[in-house]
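Asks: Hints given; two lone chains; assemble the complex.
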Amino acid sequence: MKKHLNILIFLFLSGLFIVFSPQIKFSTNFLELFFSQKTVTFFDVMSKLKLSNNIFIAKKGFDENSLDELYVLAKELKKLPEISKVTISLLPSKELRDYYKKNYYLLADFNNTKLSKEMVAQRLQNSYEELVNSFIYMPLDTNDPLGLFKIKLLPHAKYLSIKDYGYVLRATTNIDSSSTKKDKELYDKLNLILSSHKDIMVYAPFFFFVENSSHIKHDIQKIVTIATVLLLFLYFFMLKNYKLLVHGVIAIGSSVLGAVLACGVLLPSINIMVLAFGISITTISIDYMFHYYFHGYFSTKGFIRQKSVFFGFITTFGVFVIFSFIDIKLFYQLSLFSAISLLIAYILFSSVFTYLDIQKPIIKEQNQQIKSFNPLVVVLVSLVLFGYSYSHLKFDNNLKNLDYKNEKLLKLSKIFNKSLTKNSYQNIIISAKTKELLLQKYEKLQTLYPEILGIGKEVLSEKKCKKRLDKLQKYDFDRLKKIIDTEAQKIGFKNAFKNSYANIKKVNCDMKPIEDMGFKIIKEKQKYYTLVLIPKKYKVVLDDSMQPLNISQILSKDIDKATDTIVKFMFMSICFILVVLFLLSRRDILYPLAFVLFPISIVLFFISLFGTINIMHLFALIILMAISIDYGVYMHSSTSLVETTMAIKYALLSTLAGFGVLILSDTVALHSIGFVITIGVVAIFILIYGRKYEDI
Amino acid sequence: MRYILVLCLSVMLFGASSYDFNEYKFVSAAAATFKQSGNISFDNSKTIITYSQPKYKQIIDDGTDVTITGKSGKTYKLKGKALFYTKLFIDVMRRLGDIKYLKKSRDFLLVKKENIYIVEFKNEIKDQVLKAEVEAKNSKVKSFKLFMKNGDTLEIIKR
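From first to last, the protein sequence lines are chains U and A.
With the numbering used here, letter number 604 in the first sequence gets 604, and the count goes up by one each step, no holes.
Count along the second sequence from 1, add 1000, and you get the number used in the numbering used here.
The shape of chain A in the complex, shown without the other chains (with noise of 0.2 Å):
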């Protein structure tokens, strides 16, 4: 019964998948790291980030909004750049953030040395994103790093 059960979670939780973080992320106009951490978990039409540190905030991608919602409860929607940008890196942190997307993205040059990959970005990105290292160990990314055009980088530690 219990293994029914089991298989039971496994297939409703199918194409589901989450993770908590530790981002770092490298400001070069300021010369200076900042740290926060979270969880981020995504379903087929659905992405939900939630930091946890320094501040709690939770970003949800439903597909076509982006939605912040503070401590407080109260919540409002991305618009213009900030909309942008913010599904942009959505993006590129699910598929970084999972070997298999990785591998088959048609999005990206994959170049592999030893446990990283570098990843050459084919798109629009290519315009913000230089590139992108991400760190695979028995086929599961560790961690991700993206170095910006502009010097900044941004880089994501599972936990």
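Just chain U, with the same shape it has in the complex (with noise of 0.2 Å):
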């Protein structure tokens, strides 16, 4: 019985799974990983206002075949259910003309001085004039003859394009952006559909996911082969030892089950990503095993009571259990995932793997001594890296630059960007509790930045709208109305104001936004949002109720705000791990601490050779210490030296089989993790291996 108890706590904690799986909540959410919730709230927003839903197809030339290409395209697009809406002409839908006639009065700008009768004269006559000599056609103005209403409602271009391309179409899609599944479908069918048409640019801000995530894949799907070959090659070739690999597998996923679990009770809910990387440092817990094993610890029966595992666990253990205090998703989850499963693994492999029979390997190099380094010099060496990285590191805190590098989605962005945005605006979103008083804070902004554009300029605040109705009441538009029909008779119009000023009395404030406004109201947590454009030439003055949209500049604050805590708790976690230290090997502290602070320094003295840190790296340092802290207290405690290294050898491999591989990816963010690993493994390597061995 005692013989399959390792398989019997894994059956029992996959069985718990099952029963509870339903009630234990996983989340895909990335963006509330690293991010503060303003600025998920804030994404929220963005993706109500679908600032980032459209799709463009320019077709090169100018021509009425180009034209009549991208009908044919918007035809076969609006088939698509994933389209709700197809423009190709920038003219004003019949819908918003309606709407446009029935609230002309109160949109546009009235001007109520009064006028003489010959001031209505001279107007009338000129109005004639132009009409009689003009050479272009333009209809004249019946409704308002005397210009008293003023207006920019039309757009100066009938259809969208690229200059020196072509037109262009705009598609708009109804899928949620952050749908992976439903991105991927639809740019899979527009690929269809642009393929049997030729001279076409295509761009849309959600290539960017559909694209980037297929390379990251494929680019895990390498590096997954890899790290298999690499493990099978180590365990098979080198270890040999079929039973400790099944037993281990199966203790670290009781390890992972047991975190999910406890995590399941204790979280709302478990990140996705949490889950991949907390399954990856519960491999780290192989250590414990690797040290049981080469000293021959899993023939003791009972618990094992080895001091210096003891110590190496319970000091990544400590620093898990900081690490879950930071006020950032990804890492209070992780410190607490990675902290319980590190706690089940280290109890099975001290208990567990007593009973299964598991006997020392024999070693070649037993009767060999091995000469220390000194810890003095490699502690100072290390303090003068951290001075030198400490000078020379920058961080960077653009999350872009952590992604794949689209170089054609980047190239057709910049293309698209350029020729249809309005680039010579700033994007802000505006936010107030109620609509009245959004649409009262985009005409206090009109009064500051006349050349603002919004949802305010279609649609007016029952605050404005009343005071526009009040001048219009108080107008006298009976009295103009008859000076218009004495002069125009007089000049030689022939009944042709009769309409002139109509239904003016009927006009009521009831102004309600259409889709076709191009700008939108939305509401989100008790909060209502809208997008508005000023024009850049203006150093807008922000205040609480104010976000430029600045995607970039957000995230790097959140971002910079991270790194600041996280440093803290390193800090933090370093002292910990000092006293811990201290009590474990008071005089000689420096030789365990070595292995802390020479793979940490070697690290950021390279990033600070080859470029700027990132917060992938503080993150693999952070695993990285977990390491170190371990091999350092095995190797100070340790008698049999020999024994502790050939552990640590097989340990250290696993962790660059494991995560070191990742310094071979495309991705700059996992690529980053791999550059740590693989540098701080080589440190720690350069520690056990950078020394004498003599024959006894």
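Among the hints, erroneous ones may be present.
Claimed, not checked - Selected chain A positions facing chain U (in silico; Cβ < 7 Å):
| id | residue |
| --- | --- |
| 1 | Ser1045 |
| 2 | Tyr1051 |
| 3 | Arg1106 |
What the hints assert, rightly or not - When the alpha-carbon atoms are kept at most 16 Å apart in a straight line, the in silico EDC-like pairs for lysine to aspartate or glutamate are as follows:
| id | chain 1 | residue 1 | chain 2 | residue 2 |
| --- | --- | --- | --- | --- |
| 4 | U | Lys158 | A | Asp1062 |
| 5 | A | Lys1100 | U | Glu64 |
| 6 | A | Lys1081 | U | Asp144 |
| 7 | U | Lys158 | A | Asp1107 |
| 8 | A | Lys1081 | U | Glu130 |
| 9 | A | Lys1100 | U | Asp68 |
| 10 | U | Lys94 | A | Asp1107 |
| 11 | U | Lys163 | A | Asp1062 |
| 12 | U | Lys490 | U | Glu129 |
| 13 | A | Lys1100 | U | Asp63 |
| 14 | U | Lys457 | U | Glu443 |
| 15 | A | Lys1081 | U | Asp141 |
| 16 | A | Lys1104 | U | Asp63 |
| 17 | A | Lys1126 | U | Glu95 |
| 18 | U | Lys523 | U | Asp44 |
| 19 | A | Lys1055 | U | Glu130 |
| 20 | A | Lys1131 | A | Glu1155 |
| 21 | U | Lys498 | U | Asp141 |
| 22 | U | Lys158 | A | Asp1065 |
| 23 | U | Lys181 | U | Glu211 |
| 24 | A | Lys1046 | U | Asp63 |
| 25 | U | Lys50 | U | Glu82 |
| 26 | U | Lys158 | A | Asp1091 |
Simulated from the structure, these hints should not be mistaken for laboratory data.
Positions of the beta carbon are idealized from the N, C-alpha and C atoms, including for glycine.
Replies: Printed below as a string of structure tokens:
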């Protein structure tokens, strides 16, 4: 029975997982992992405002054939359920034109200067002369012959176009931009439709998600294959103990299941990314297994009371407990997960494995004695490297730099953004508690920045509308109409103005935004939001209700804040490590400390030589710290260094195979983790093997 | 050799078109008709209307901007309402003046009565233009007349 305890525990935990898994919530929202609640809400607002739901297709040429082809494409696109709207012409839609007609007198700026008879006559005379002498046809505005109302509603081009290329079609999708599966489906459908068209350029912001995800997926597949081959080679051809391998995998499986169940109870949801990294960190516990194995502790009956493994575990565990207090979801969830899984793994390897009858391996180098390095020199070198890194390292807070560089799409996005978006404007999202207050906020901005664009151009606040209505009602249009009728006849007009300023008294304040306005108001968490465009020439004074739509800047702010917290907690962890190492080694503290400081300082030194440090480097440094503590403690406490060295060698090779291969990734985020782990592992190897072996 | 030259010129001119016209503009508000004469030429990227009578004026629509040049050579760019309407009517003139465009245009509904095509506009032009009548002979447009909603008419007769 005890021989099968490891398997039984795994089956028990699997059973618990199957029973309770419906209650455990898994989240796929990666944004919430890194960013503040404010930023996550901001992304939700952006998503609802549908600012990145456009697909642009440009056809080469400015002729009828190009336009015809775009109209054919539009027809095909309209058949797709994911496409909600397709536009080629920039002219207002029928709904919008009807809206303008209905609200014309309220939307237009009304000059309520009282006009004398002479002034009316003069203006009509000018209109008449223009009409008679004009060589281009311009219909007479019989609704407002005196030009009392001024409004600019017409676009200056009929079609959207890219200069020196051709016309552009704009399609709007109704898919949720965070749904990778739906994004991919639409991407494939679009490519199928466009495959039969030539001289076409297509771009949509969601293409980045699809293409980059696909690239990263292939990248990960490549890395997983390499890691699997390396691990198989390590276990099957070097270690050759299949029983140890199988039970090691089962124990790690149990640790992961235990951590998932515990986190399921303690956390409202477990992020998938936390799960993935958590499993990777759990594999660090293989250190304990190798240490027990090479020292022959599995022959012990009952719980293995081995000081160095215990101190190694308790220090790593303590570091993760400290990190679980960081107010960044990725770190506190991951730290909690890792602390629990490492605890379970430690208990399993220290107790259950003693019933498995695993024999100590024969080590050829048993008769060698190892001369230690001088820890003071290593610590001093580490401090020098820290000093160099501190003065040369620069932090890269731009998250875009962590992603795969999709040159083709970046080039297309530049072309389309330059031609289509209003490049001379700064995009700002404004918010308020009610729609009315939001529109009033827009109107306040309009007085400061008259060329502002936004929903407020077409929808007035109740307050402004009533004010305009009052202005209209106070003006004597009846008198004006009488003068117009008399004077127009004298000038030569033939009954042209019978409908002038008609229905002006029936106007009322009932303005409801319509879809085609281009701007919209959305509600998110008891607040209303809308996008406004303010010309770049203005230096906008921002307040709490205004957020510039500069995603990189917003994310960078969050990343800077996160980095400060992480660095603070890293110092706290180092203090904790110092205390534990002091308790363990007293005057010899420099020796285990060298195992912690040297790899980290070497990594930082190399990062400062090759580039800038990013948040994924910091993340990997925490993993490296967790690994190196164990080795420092083992190497210091061990009385049989050859076995300890052997155990560390296998554990390091496992880590290198699991994490180090990430250095081969094209994705900067993954490459950064791989870079830190590879350099760190090499540094630990230097400490272990950079010493003399002497035969006894 | 001469045939080759003709062929080359035809190839070069393919896609470009030009015709002289008389324009009759009836303004209902003034109950008067005004006549102008000129030439319209267009290729894939540009339309040029040159009025010779009663005054010289050249209107060039390059797809983005519309510029007007007077006899003195002074040029100015159209803006706002003037730009919008000029572009709209240049576009309509191009389409109605060519039977090929007329027949395949997605913006019109066509009804043929003997030599006359009655054109009903489908899009935003409908707000301004009630209908158009195009007279064609042997698949060639001879003249067309736009009937505005305000009672104005604009007739182009090819010369």
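Asks: Determine for every hint whether it applies to the structure shown.
Replies: A quick look at each hint next to the structure:
1. For the restraint placing Ser1045 of chain A at the interface with chain U, the shortest Cβ-Cβ distance is roughly 5 Å, inside the 7 Å limit, so the hint holds.
2. The beta carbon of Tyr1051 of chain A comes within 5 Å of a beta carbon in chain U, closer than 7 Å, and the hint placing it at the interface holds.
3. Annotation: Arg1106 of chain A was flagged as interfacial toward chain U, and the flag holds, the nearest CB pair being 6 Å apart, inside 7 Å.
4. Between Lys158 of chain U and Asp1062 of chain A the CA atoms are separated by roughly 13 Å; this keeps the pair inside 16 Å, and the hint holds.
5. Only pairs whose Cα atoms come within 16 Å are accepted, and Lys1100 of chain A paired with Glu64 of chain U is accepted, the gap being roughly 11 Å.
6. With a C-alpha separation of about 14 Å, the suggested pairing of Lys1081 of chain A with Asp144 of chain U holds against the 16 Å cut-off.
7. With a C-alpha separation of about 14 Å, the suggested pairing of Lys158 of chain U with Asp1107 of chain A holds against the 16 Å cut-off.
8. A C-alpha spacing of about 14 Å is found between Lys1081 of chain A and Glu130 of chain U, which places the hinted pair at or below 16 Å, so the restraint holds.
9. Between Lys1100 of chain A and Asp68 of chain U, the direct Cα distance comes to roughly 13 Å. Compliance with the 16 Å bound is thereby established for this hinted pair.
10. For the proposed pair Lys94 of chain U and Asp1107 of chain A, the alpha carbon gap of about 14 Å is at most 16 Å, so the pair holds.
11. Of the pairs offered as hints, the one joining Lys163 of chain U and Asp1062 of chain A holds, with about 12 Å between alpha carbons and a cut-off of 16 Å not exceeded.
12. The straight-line distance between the Cα atoms of Lys490 of chain U and Glu129 of chain U is roughly 14 Å, inside the 16 Å bound, and the hint therefore holds.
13. Of the pairs offered as hints, the one joining Lys1100 of chain A and Asp63 of chain U holds, with about 14 Å between alpha carbons and a cut-off of 16 Å not exceeded.
14. With a C-alpha separation of about 9 Å, the suggested pair Lys457 of chain U and Glu443 of chain U falls inside the 16 Å cut-off, and the hint holds.
15. Distance check on the hinted pair: Lys1081 of chain A and Asp141 of chain U sit about 11 Å apart at the alpha-carbon level, within 16 Å; holds.
16. At most 16 Å may separate the alpha-carbon atoms for a hinted pair to count; Lys1104 of chain A and Asp63 of chain U meet this at roughly 14 Å.
17. Between Lys1126 of chain A and Glu95 of chain U the alpha-carbon distance is near 14 Å, which keeps this suggested pair within the 16 Å criterion.
18. Restraint check: the Cα-Cα separation between Lys523 of chain U and Asp44 of chain U comes to about 10 Å, which is no more than 16 Å; the hinted pair holds.
19. For the given pair, Lys1055 of chain A sits about 15 Å from Glu130 of chain U by alpha-carbon distance, which is consistent with the 16 Å threshold.
20. As the CA atoms of Lys1131 of chain A and Glu1155 of chain A are separated by approximately 12 Å, the hinted pair is consistent with the 16 Å bound.
21. Restraint check for Lys498 of chain U and Asp141 of chain U: satisfied, since their Cα atoms lie roughly 12 Å apart, inside the 16 Å limit.
22. Annotation: proposed proximity of Lys158 of chain U to Asp1065 of chain A holds, straight-line Cα distance about 11 Å (limit 16 Å).
23. Taken as a hint, the Lys181 of chain U and Glu211 of chain U pair is honoured in the structure, with Cα atoms around 12 Å apart against an allowance of 16 Å.
24. At most 16 Å may separate the alpha-carbon atoms for a hinted pair to count; Lys1046 of chain A and Asp63 of chain U meet this at roughly 9 Å.
25. Taking the CA atoms of Lys50 of chain U and Glu82 of chain U, the gap is about 14 Å. The hint holds against a cut of 16 Å.
26. A distance of roughly 10 Å separates the Cα atoms of Lys158 of chain U and Asp1091 of chain A; the hinted pair therefore holds under the 16 Å criterion.
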